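Novice: Between the sequences and the hints, there should be enough to build the whole structure, so can you do that?
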Amino acid sequence: MISLRNIEKFYQQGPDRFYVLRRINLEIKEGDFIAVMGPSGAGKSTLLHVLGMHDTSWTGEYTLFDHSIHRMDRKQRLEVYKKYFGFVFQSYHLLDDLTVAENLDVPLSYRNIKKTERQAIVADTLDRFQMVGKKDLFPSQLSGGQQQLVGVARAIIANPKVILADEPTGNLHSSQGIEIMEMFKKLNEGGATIVMVTHSETNAAYAHKIVRIVDGWIEGDPRS
Amino acid sequence: MLDDLRGALRRLWKNPGASAAAVLALGIGIGFNTAIYSVADALLLRPLPVPEIDRVVMPAGQNEGDPRSFRSISPADYREWRTSAQSFQSLAVSHGWSANLTGAGDPVPLEGSQVTASLFDVLKVQPLIGRTFLAEEEEPGKDRSVLLSYNLWQRQFGSDPAILNRSIELSGRKFTVIGVMPKGITFPQPSEFWVPLPMKSEDWNEAGSFYLKAVARLRPGVTLEAARAELQGIAQRMTAQYPVNHRKLGARVESLRERVSGDLTASYTRVTVVATLFLLLIACLNVASLQFAHVVSRTREMAIRGALGAPRLRLVRQVLTESVLVALAGAVLGLLVAVWSLDLIKANMPAEVERWLPGWQKLGLNGFVLACTTVTAMAAGLLSGLGPALWLSRTPILGNLHDAGRSSTGSAARQRLRNLLVGGEIALATVLLAGAVLVVKGFHSIGQLPLSVDPSRILTLRVNLPQQRYPDHAAVARFQRDLLDRLAGTPGVSNAAVTSNLPYSDLMNRSYVTFESRADDGRPKAVAQIQNVSGGFFGTLGIPIQDGRAFDGSEADDSQKVAIVTSAFVHQYFPGQNPMGRRFHLGDGKWWTIKGIAGDVAHNFTERTPQPLVYLPYTQSGWGTFDLAIQTAGEPMAILPAVRAAVRAIDPAQPLALIRSFRKLINDAILGIGHMAAMLTVLSAVALFLAVLGIYSLMAWSVRERTREIGVRVALGAQRGQILRMILKKGAWIASLSLPIGIAGAVALARLLSQLLFGVSALDILAFIGMPLVLALALTAACLVPARRATRTDPLTALRHE
Numbered sequence: 000m001i002s003l004r005n006i007e008k009f010y011q012q013g014p015d016r017f018y019v020l021r022r023i024n025l026e027i028k029e030g031d032f033i034a035v036m037g038p039s040g041a042g043k044s045t046l047l048h049v050l051g052m053h054d055t056s057w058t059g060e061y062t063l064f065d066h067s068i069h070r071m072d073r074k075q076r077l078e079v080y081k082k083y084f085g086f087v088f089q090s091y092h093l094l095d096d097l098t099v100a101e102n103l104d105v106p107l108s109y110r111n112i113k114k115t116e117r118q119a120i121v122a123d124t125l126d127r128f129q130m131v132g133k134k135d136l137f138p139s140q141l142s143g144g145q146q147q148l149v150g151v152a153r154a155i156i157a158n159p160k161v162i163l164a165d166e167p168t169g170n171l172h173s174s175q176g177i178e179i180m181e182m183f184k185k186l187n188e189g190g191a192t193i194v195m196v197t198h199s200e201t202n203a204a205y206a207h208k209i210v211r212i213v214d215g216w217i218e219g220d221p222r223s
Numbered sequence: 000m001l002d003d004l005r006g007a008l009r010r011l012w013k014n015p016g017a018s019a020a021a022v023l024a025l026g027i028g029i030g031f032n033t034a035i036y037s038v039a040d041a042l043l044l045r046p047l048p049v050p051e052i053d054r055v056v057m058p059a060g061q062n063e064g065d066p067r068s069f070r071s072i073s074p075a076d077y078r079e080w081r082t083s084a085q086s087f088q089s090l091a092v093s094h095g096w097s098a099n100l101t102g103a104g105d106p107v108p109l110e111g112s113q114v115t116a117s118l119f120d121v122l123k124v125q126p127l128i129g130r131t132f133l134a135e136e137e138e139p140g141k142d143r144s145v146l147l148s149y150n151l152w153q154r155q156f157g158s159d160p161a162i163l164n165r166s167i168e169l170s171g172r173k174f175t176v177i178g179v180m181p182k183g184i185t186f187p188q189p190s191e192f193w194v195p196l197p198m199k200s201e202d203w204n205e206a207g208s209f210y211l212k213a214v215a216r217l218r219p220g221v222t223l224e225a226a227r228a229e230l231q232g233i234a235q236r237m238t239a240q241y242p243v244n245h246r247k248l249g250a251r252v253e254s255l256r257e258r259v260s261g262d263l264t265a266s267y268t269r270v271t272v273v274a275t276l277f278l279l280l281i282a283c284l285n286v287a288s289l290q291f292a293h294v295v296s297r298t299r300e301m302a303i304r305g306a307l308g309a310p311r312l313r314l315v316r317q318v319l320t321e322s323v324l325v326a327l328a329g330a331v332l333g334l335l336v337a338v339w340s341l342d343l344i345k346a347n348m349p350a351e352v353e354r355w356l357p358g359w360q361k362l363g364l365n366g367f368v369l370a371c372t373t374v375t376a377m378a379a380g381l382l383s384g385l386g387p388a389l390w391l392s393r394t395p396i397l398g399n400l401h402d403a404g405r406s407s408t409g410s411a412a413r414q415r416l417r418n419l420l421v422g423g424e425i426a427l428a429t430v431l432l433a434g435a436v437l438v439v440k441g442f443h444s445i446g447q448l449p450l451s452v453d454p455s456r457i458l459t460l461r462v463n464l465p466q467q468r469y470p471d472h473a474a475v476a477r478f479q480r481d482l483l484d485r486l487a488g489t490p491g492v493s494n495a496a497v498t499s500n501l502p503y504s505d506l507m508n509r510s511y512v513t514f515e516s517r518a519d520d521g522r523p524k525a526v527a528q529i530q531n532v533s534g535g536f537f538g539t540l541g542i543p544i545q546d547g548r549a550f551d552g553s554e555a556d557d558s559q560k561v562a563i564v565t566s567a568f569v570h571q572y573f574p575g576q577n578p579m580g581r582r583f584h585l586g587d588g589k590w591w592t593i594k595g596i597a598g599d600v601a602h603n604f605t606e607r608t609p610q611p612l613v614y615l616p617y618t619q620s621g622w623g624t625f626d627l628a629i630q631t632a633g634e635p636m637a638i639l640p641a642v643r644a645a646v647r648a649i650d651p652a653q654p655l656a657l658i659r660s661f662r663k664l665i666n667d668a669i670l671g672i673g674h675m676a677a678m679l680t681v682l683s684a685v686a687l688f689l690a691v692l693g694i695y696s697l698m699a700w701s702v703r704e705r706t707r708e709i710g711v712r713v714a715l716g717a718q719r720g721q722i723l724r725m726i727l728k729k730g731a732w733i734a735s736l737s738l739p740i741g742i743a744g745a746v747a748l749a750r751l752l753s754q755l756l757f758g759v760s761a762l763d764i765l766a767f768i769g770m771p772l773v774l775a776l777a778l779t780a781a782c783l784v785p786a787r788r789a790t791r792t793d794p795l796t797a798l799r800h801e
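Taken in sequence, the protein lines are chains L and R.
Going by numbering that gives the first Met the number 0, 16 is the number at position 17 of the first sequence; the sequence numbering is gapless.
Going by numbering that gives the first Met the number 0, 226 is the number at position 227 of the second sequence; the sequence numbering is gapless.
These aren't lab readings, by the way, just hints derived from the structure by calculation.
Just so you know, these numbers come straight off a predicted model, no measurement behind them.
One should not assume that every hint holds.
Stated by the list, open to error - Chain R is nowhere near these chain L residues, computed Cβ spacing over 12 Å in every case: (1) MET0; (2) ILE33; (3) ALA119; (4) ASP123; (5) LYS134; (6) ILE156; (7) GLU188; (8) HIS198.
Unchecked claim - FRET-style restraints, in silico, Cβ to Cβ: (9) L:TYR10 - R:VAL773: 44 to 52 Å; (10) L:GLU60 - R:ARG415: 36 to 44 Å; (11) L:SER39 - R:ARG787: 38 to 46 Å; (12) R:ARG415 - L:TYR10: 19 to 27 Å; (13) L:LEU136 - R:LEU1: 19 to 27 Å; (14) L:ASN158 - R:ALA378: 21 to 29 Å; (15) L:TYR10 - R:ARG316: 26 to 34 Å; (16) L:ASN158 - R:LEU1: 50 to 58 Å; (17) R:THR222 - L:THR115: 50 to 58 Å; (18) L:TYR10 - R:PRO15: 37 to 45 Å; (19) R:HIS293 - L:ALA119: 31 to 39 Å; (20) R:ARG415 - L:GLU116: 42 to 50 Å.
To be verified - Below, computed lysine-lysine pairings styled on DSS-like, alpha-carbon distance capped at 27 Å: (21) L:LYS133 - R:LYS13; (22) L:LYS134 - R:LYS13; (23) L:LYS113 - L:LYS81; (24) L:LYS82 - L:LYS134; (25) L:LYS184 - L:LYS82; (26) L:LYS74 - L:LYS114; (27) R:LYS123 - R:LYS141; (28) L:LYS184 - L:LYS74; (29) R:LYS13 - L:LYS114.
C-beta atoms are modelled at their ideal positions from N, C-alpha and C, and glycine is treated no differently.
Specialist: Right, dumping it as structure tokens:
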């Protein structure tokens with residue numbers, strides 16, 4: 000499904016290059032649940048944002064199904080992103096001025112879906128995540144766990160094939176973390192491919208496969 | 000889109016202070032624009048409610064070599080055009096008639112027109128009630144029908160619906176009211192009534208009297224150029240047919256709309272439109288600068304939206320929706336500003352001037368103006384929001400998500416952009432301030448005449464003696480002499496004079512001058528303004544007699560005809576010669592002998608140099624419409640009852656018109672530029688305020704952003720004076736870059752204004768140095784407030800978050 004070949008990313012610092020990702024080669028199959036682990040600053044989140052196409056300044060080959068992402072311009076990548084991906088952030092990143100329902104509507108509104116259809120999808124999702132009673136609340140009126148639940152709901156609302164999650168439980172109590180991870184497990188069982196950055200071994204245990212990154216290299220790669 | 004709108008409303012509601020400031024700034028800018036759109040619409044675009052006005056033209060005569068001349072035509076011209084000109088679908092002529100409405104209480108002086116029956120066919124205007132003239136009513140004896148203007152019907156007859164067939168008396172002659180014209184129809188300006196122009200068929204052969212104004216409707220598809228070419232051809236035939244009267248006389252055709260609006264009104268309106276657009280631009284820059292200050296609080300939101308798949312265009316649209324919404328709210332406020340401004344403009348327009356402005360009666364907000372306002376508001380919204388919108392749409396997702404929206408990325412670039420916007424405001428405000436100073440000084444300069452008598456100590460009024468009671472020059476002169484004699488003994492009167500027209504008044508008589516013993520050398524004919532005056536005219540107005548003597552009243556109709564000419568006349572027609580005793584005639588065969596030379600005085604503020612002028616004694620020539628000038632020892636209006644009594648003693652049925660001081664007469668004549676000067680003063684004051692507000696908010700924002708840095712500096716031992724200098728230096732830097740740009744713009748504007756407007760100088764120290772200095776002082780004061788706040792920074796508070 001996803002194939003990364005020799006992905007590299009660096010920052011130019013004067014005459015020197017500071018690499019954050021080195022020769023990353025990674026295969027992700029449909030239905031995978033992958034945990035990306037490693038120390039702070041190792042390049043985990045950068046890899047996730049490369050996968051999510053938020054980061055565009057990298058070299059190498061990135062293939063998603065039959066799309067050669069590395070050959071696409073910004074606009075084409077955006078279209079592919081909207082079709083295949085959902086993103087969950089560590090800090091939830093809900094829009095403060097919007098209600099729960101409106102936050103859920105945001106990704107749909109960027110996908111040329113009719114208003115009535117969007118309203119139905121939002122209603123379904125609220126129901127699925129048992130948040131109907133909170134649909135008119137603003138993020139500031141929710142607990143951290145509830146906010147992240149909205150974050151996850153927002154990530155899956157457009158029915159993505161891949162969910163990218165950047166330390167989704169990093170700001171949560173352990174009980175709230177478990178709730179989120181159970182949700183991911185359910186989504187994965189439903190067919191979604193999940194790539195999750197985490198520091199937590201407990202969370203990583205939910206994954207089928209663990210990819211460890213150190214100083215930009217994938218650990219265990221014979222070329223590192 | 001609805002989502003964007005809802006989000007925008009919510010966001011604006013959440014920041015009431017910033018939203019109100021932006022609405023206020025744009026509201027003021029849009030409001031003044033709306034007001035000036037109304038003026039432009041009423042005076043320039045739709046001065047007369049005439050259908051297909053673009054096809055209505057004013058044909059006229061033109062002196063060869065004088066492209067600005069726009070001459071009345073002779074009856075023979077009209078006859079010829081009517082029979083030969085194929086360009087015209089219909090053609091009409093008119094002749095002004097100042098009449099007194101008598102027979103119903105106090106006599107009322109009115110301005111009207113004698114017109115051919117075809118006038119309203121040309122205009123395609125139907126009366127509100129009644130009918131227009133029939134062709135047979137042009138025959139002498141059948142010409143006793145009158146059409147009333149809407150205003151006259153309203154004012155004098157209380158909008159009486161039974162006015163039709165009522166008999167009224169105009170200058171002692173009975174006329175029957177046959178109709179009332181709709182509101183806004185006052186053509187030829189400033190007609191309050193219309194009567195038929197009575198002409199016998201042979202009268203139309205008269206080729207030597209040029210007193211008719213023509214108006215025509217072009218056939219469909221005929222252009223102005225084609226009509227001009229055709230009339231030029233006819234003019235050549237007329238010159239061949241009438242070599243004496245039509246020598247060196249061509250023809251021109253101008254659009255009615257441009258002609259009735261006039262070059263000056265168009266210039267004033269255009270300059271004011273540009274000034275209001277400048278103000279709006281300053282307001283837009285102000286709002287854009289304010290928005291840039293708040294950009295940082297929105298980077299996180301934009302990064303999230305970008306991460307959720309928002310295309311850049313959607314992000315731009317979202318931010319622009321907010322700024323357009325602010326601008327539309329500004330437009331609502333602007334309508335209040337516009338209504339207030341228009342009320343003020345209308346309240347300050349004297350009736351004597353208003354009647355010369357076609358379209359003025361319709362001045363106000365209408366659908367067209369509101370549409371223009373909406374477009375302007377949307378443009379202002381897009382303009383003020385585009386920069387911040389583009390900036391925000393480029394928010395890098397990565398850095399701003401990682402830093403939870405507290406990224407400092409782009410802070411320096413944003414700072415530079417805000418500097419640029421505020422600098423732009425200052426530069427534009429400098430141009431506007433300098434422009435206002437130039438126009439105000441121009442207004443004062445053209446209002447100053449080289450007279451040794453204070454114009455505010457002179458009472459002026461117009462007398463219009465009806466031809467029925469004063470059929471010849473002798474009768475008119477008798478009235479004038481009697482009146483002057485009576486006034487001479489009136490307490491409070493220092494000096495009094497009659498004159499065919501006063502400087503800056505609406506009357507003007509020009510004539511060809513033929514000198515004795517001077518061969519026709521092929522040069523353009525000599526032309527001079529002709530003014531009939533009594534001997535006291537020069538003393539009353541304080542015009543010096545440089546050589547010879549003033550008229551003493553002994554000049555009788557049958558004695559030698561004498562004239563006084565001006566310095567400009569001598570300079571132009573007798574360079575290096577003594578003109579005293581030389582003779583000339585004015586086309587009627589009477590020889591006038593030059594007996595004196597008077598100083599120059601402008602008769603029209605549009606004269607860039609003094610024009611040749613001939614004074615003739617009122618006892619030897621003149622006509623029934625004349626001005627009276629009375630120099631008074633005290634307040635001029637105080638002697639008005641005595642003047643009325645003197646006139647009533649001679650002729651109880653004779654009304655007086657245009658009663659005002661000479662100062663007011665001058666001010667009324669230059670009211671257009673006066674209005675523009677007042678408008679520009681207000682606009683530049685608002686621009687100054689916005690520029691000061693702009694730099695204040697920039698400096699306050701800059702100090703807030705640098706709180707930590709200032710705290711560190713203070714902690715490291717920086718003195719208050721050093722912090723103050725550091726902050727002020729930035730303001731000084733912006734001002735020192737933008738003020739010279741503004742001054743350069745002001746110099747360019749001054750050149751343009753000096754060509755467009757009379758009295759405006761292209762070189763003015765006050766405009767180019769004084770006003771920027773005032774602006775610099777105001778800017779310094781605006782910077783001082785945040786700078787002083789910075790000096791009070793407590794390092795412990797500033798660094799608490801470290």
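Novice: Would you mind confirming whether the straight-line C-alpha gap from LYS74 (chain L) to LYS114 (chain L) stays at or under 27 Å?
Specialist: 24 Å, holds
Novice: Looking only at beta-carbon atoms, does the pair ASN158 (chain L), ALA378 (chain R) fall within the given range of 21 to 29 Å?
Specialist: Given range 21 to 29 Å: violated, Cβ gap about 41 Å.
Novice: Measuring from beta carbon to beta carbon, are SER39 (chain L) and ARG787 (chain R) in 38 to 46 Å?
Specialist: Taking Cβ atoms as reference, SER39 (chain L) and ARG787 (chain R) lie about 44 Å apart, which means the hint holds.
Novice: Taking the minimum C-beta separation from ILE33 (chain L) to chain R, is that value above 12 Å?
Specialist: 20 Å, holds
Novice: Using the C-beta atoms of HIS293 (chain R) and ALA119 (chain L), is the stated range 31 to 39 Å upheld?
Specialist: At roughly 36 Å between Cβ atoms, ALA119 (chain L) and HIS293 (chain R) fall inside 31 to 39 Å, so the hint holds.
Novice: May I ask you to test the hint 50 to 58 Å on the CB atoms belonging to THR222 (chain R) and THR115 (chain L)?
Specialist: Holds, at about 57 Å.
Novice: What's the verdict on LYS13 (chain R) and LYS114 (chain L), does the C-alpha distance respect the 27 Å limit or exceed it?
Specialist: Holds. LYS13 (chain R) to LYS114 (chain L) sits at ~26 Å (cutoff 27 Å).
Novice: Decide, holds or violated, for the assertion that all CB atoms of chain R are farther than 12 Å from the CB of HIS198 (chain L).
Specialist: Holds: least Cβ distance 16 Å, greater than 12 Å.
Novice: So the hint says 42 to 50 Å: do the beta-carbon atoms of ARG415 (chain R) and GLU116 (chain L) match that?
Specialist: 45 Å, holds
Novice: A cut-off of 12 Å on Cβ-Cβ distance, and LYS134 (chain L) was said to be off the interface with chain R. Does that hold?
Specialist: 15 Å, holds
Novice: For the pair supplied as a hint, LYS184 (chain L) and LYS82 (chain L), confirm whether the alpha-carbon distance does not exceed 27 Å.
Specialist: 22 Å, holds
Novice: Given the hint that LYS82 (chain L) pairs with LYS134 (chain L), test it: the Cα-Cα distance must not exceed 27 Å.
Specialist: Holds. LYS82 (chain L) to LYS134 (chain L) sits at ~25 Å (cutoff 27 Å).
This entry does not satisfy hints 6, 14, 16, 28, going by the numbered hints stated previously.
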